Amino acid sequence: MTGVIIAGAAETDQVGKLPGHSTLQLHLEAALNALADAGLTTRDVDGIATVSSPGPVQVAHSLGITPRWMDGTAVGGTSFLLHVRHAAAAILAGHASTVLITHGESGRSRVGASRYAPSPWSIQGQFEAPYGVFGATTSFTIPVLRYMKEFGLTHEQLAYVAVAQRRWAAKNPRAMYRDPITTDDVLASRMVAYPFHLLECCLVTDGGGALIVTSADRAGEFPRPPVHVLGTGESSDAPLISQMADFTQSQAFRLAGQSAFAEARITVGDVDHLMIYDAFAHVPIYGLEALGFSGKGEAGAFIADGNTEPGGSLPLNTNGGGLSYTHTGMYGMFAITEAVRQIRGEAAAQVAGAEISVVVGNGGMFATAGVLVLGRQQNAGRRG
Amino acid sequence: MEDKAAPEPTPDTQPFWDGCAAGELRIQRCADCDQAYFYPRPVCPACGSANVEWFTASGNATLYSYVINYRPAPGFEDEAPYAIGVVQLAEGPRMMTNLVGVPNTPEHLVLDMPLRVAFERRGAVMLPLFTPAGAAE
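These protein sequences, in sequence, are chains A and B. So in the numbering used here, spot 65 of the first sequence is number 65, and the numbers just go up one at a time. Count along the second sequence starting at 1, add 1000, and that's the number in the numbering used here.
Calculated directly from the structure, the hints in this document are not laboratory data. Note that the structure is predicted; figures quoted are calculated from it, not measured. The reader is advised that the hints may include incorrect statements.
Unchecked claim - Derived contacts from chain A toward chain B, CB cut-off under 7 angstroms, selection only:
#1 Trp121
#2 Pro130
#3 Tyr131
#4 Gly132
#5 Phe134
#6 Thr141
#7 Ile142
#8 Pro143
#9 Arg146
#10 Lys149
#11 Met191
#12 Val192
#13 Ala193
#14 Ser242
Claimed, not checked - So, partial list: chain B residues that the calculated Cβ filter (under 7 angstroms) puts toward chain A:
#15 Ala1005
#16 Pro1007
#17 Thr1013
#18 Tyr1070
#19 Ala1073
#20 Phe1076
#21 Ile1084
#22 Asn1098
#23 Leu1111
#24 Arg1122
#25 Leu1127
Just so you know, even glycine gets a beta-carbon here, dropped at the ideal spot from N, CA and C.
The task is simple: from the sequences and hints, build the whole structure.
Now the structure itself:
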């Protein structure tokens, strides 16, 4: 265990299409909502973490916070998981007592957002962009054909990841897409980057989220049930997709997961609820295998057999995920907020008796990973 | 229509692009542990040695993985859908590329098919692409 809790967690009032919100506004609205959720004000915050832009200085200044600790770690969509980990270390060290972590992104409306384009002298600019790489759909997706050849994952199994998650989204009024879909619907949707169809790619939305992290010693002081941070992990792989250590597994997921599980002293059998950042349909497959929830090459069948959907043994991406709920660009925050809701018992599609939740985040395609183990009790223990 | 993205060499990558201009695929290997590697950088990723050297690779490769992209990057509008591939060089390292001299369809792009480097002008550099081995050069 880390000795810290998530005392407050919230998203922007709405997620989806928010053309009236700048990127900064999304950060600030989420921050105020998380503070209210924790029963705190900006005066109680002495540490801040977020990605650029706007970055921790602007977010802190906009809220009238003068931090004595800040973290601007920006390694893609998993950054917020790393912020929780870094905040835990800072709180343990006495460098901060109450840390605000914010996310806001105008991914769809692009209000006050910067344009994606690598510099021509960067390694991406020299060794990826000249080949027509254009965002995540053209790079994050590349490993999967190799995986399909090595392990026999079928197009139908890949498509079914989206079907399973839509079943969760149907239970979530805030999800952007809630209508049931079939494997045939997925395979009939427009091709984006073969073998990925539109419904196998994440949404592009606007929204934000924020967390309040503080010492577990204060667990009784807040209006909402504390969510204990039991274990954390982070790692990285390659900055170019072509250099990923192994196209059939995520080394970064595996290493971050091992770290988090060891710190929390849990095994996969202890996990009641799971969030795996689903930028594309193959990512939950890589995540399940990297953390040992299914055998190598078996996760596609595991999902297609219904294990991760409502009624299954391992509820996965219960908000509907990036495929159906929301995906602003750096989705990791929303994976955390859903895990918090599940541990508190207040999720739209609540998993009965969710005591331990694991959040798996990726960043910069498969370049980085963060893993959090969250729990209702301070000590995970073994429950038979 | 915008031009396709063109690389701008840096001091550590200049020998690679100089090789391409000469019609050769020059990559690096470690003089201590013999590990061949790509992308260009001054430290061996296997052992951490800075004692690294350039050599001319064979130009032979196999198709490791790919996607066929339907949403073209600027400059690629007339080519969509086009494949973005990763090839494995005979010497071991992988690199991203485009696949030329072959229809960019799943039927024609079979993983592990043998490929051969070819070069195409892009801005100020010659860009390495790959084509099926045995195709007219």
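So, going through the hints one by one against the coordinates:
{"no.": "1", "hint": "Trp121", "in the structure": "holds, 4 angstroms"}
{"no.": "2", "hint": "Pro130", "in the structure": "holds, 5 angstroms"}
{"no.": "3", "hint": "Tyr131", "in the structure": "holds, 5 angstroms"}
{"no.": "4", "hint": "Gly132", "in the structure": "holds, 4 angstroms"}
{"no.": "5", "hint": "Phe134", "in the structure": "holds, 4 angstroms"}
{"no.": "6", "hint": "Thr141", "in the structure": "holds, 5 angstroms"}
{"no.": "7", "hint": "Ile142", "in the structure": "holds, 5 angstroms"}
{"no.": "8", "hint": "Pro143", "in the structure": "holds, 6 angstroms"}
{"no.": "9", "hint": "Arg146", "in the structure": "holds, 4 angstroms"}
{"no.": "10", "hint": "Lys149", "in the structure": "holds, 5 angstroms"}
{"no.": "11", "hint": "Met191", "in the structure": "holds, 5 angstroms"}
{"no.": "12", "hint": "Val192", "in the structure": "holds, 6 angstroms"}
{"no.": "13", "hint": "Ala193", "in the structure": "holds, 4 angstroms"}
{"no.": "14", "hint": "Ser242", "in the structure": "holds, 4 angstroms"}
{"no.": "15", "hint": "Ala1005", "in the structure": "holds, 4 angstroms"}
{"no.": "16", "hint": "Pro1007", "in the structure": "holds, 4 angstroms"}
{"no.": "17", "hint": "Thr1013", "in the structure": "holds, 6 angstroms"}
{"no.": "18", "hint": "Tyr1070", "in the structure": "holds, 5 angstroms"}
{"no.": "19", "hint": "Ala1073", "in the structure": "holds, 4 angstroms"}
{"no.": "20", "hint": "Phe1076", "in the structure": "holds, 4 angstroms"}
{"no.": "21", "hint": "Ile1084", "in the structure": "holds, 5 angstroms"}
{"no.": "22", "hint": "Asn1098", "in the structure": "holds, 5 angstroms"}
{"no.": "23", "hint": "Leu1111", "in the structure": "holds, 5 angstroms"}
{"no.": "24", "hint": "Arg1122", "in the structure": "holds, 6 angstroms"}
{"no.": "25", "hint": "Leu1127", "in the structure": "holds, 6 angstroms"}
Of the numbered hints listed earlier, not one is contradicted by the structure.
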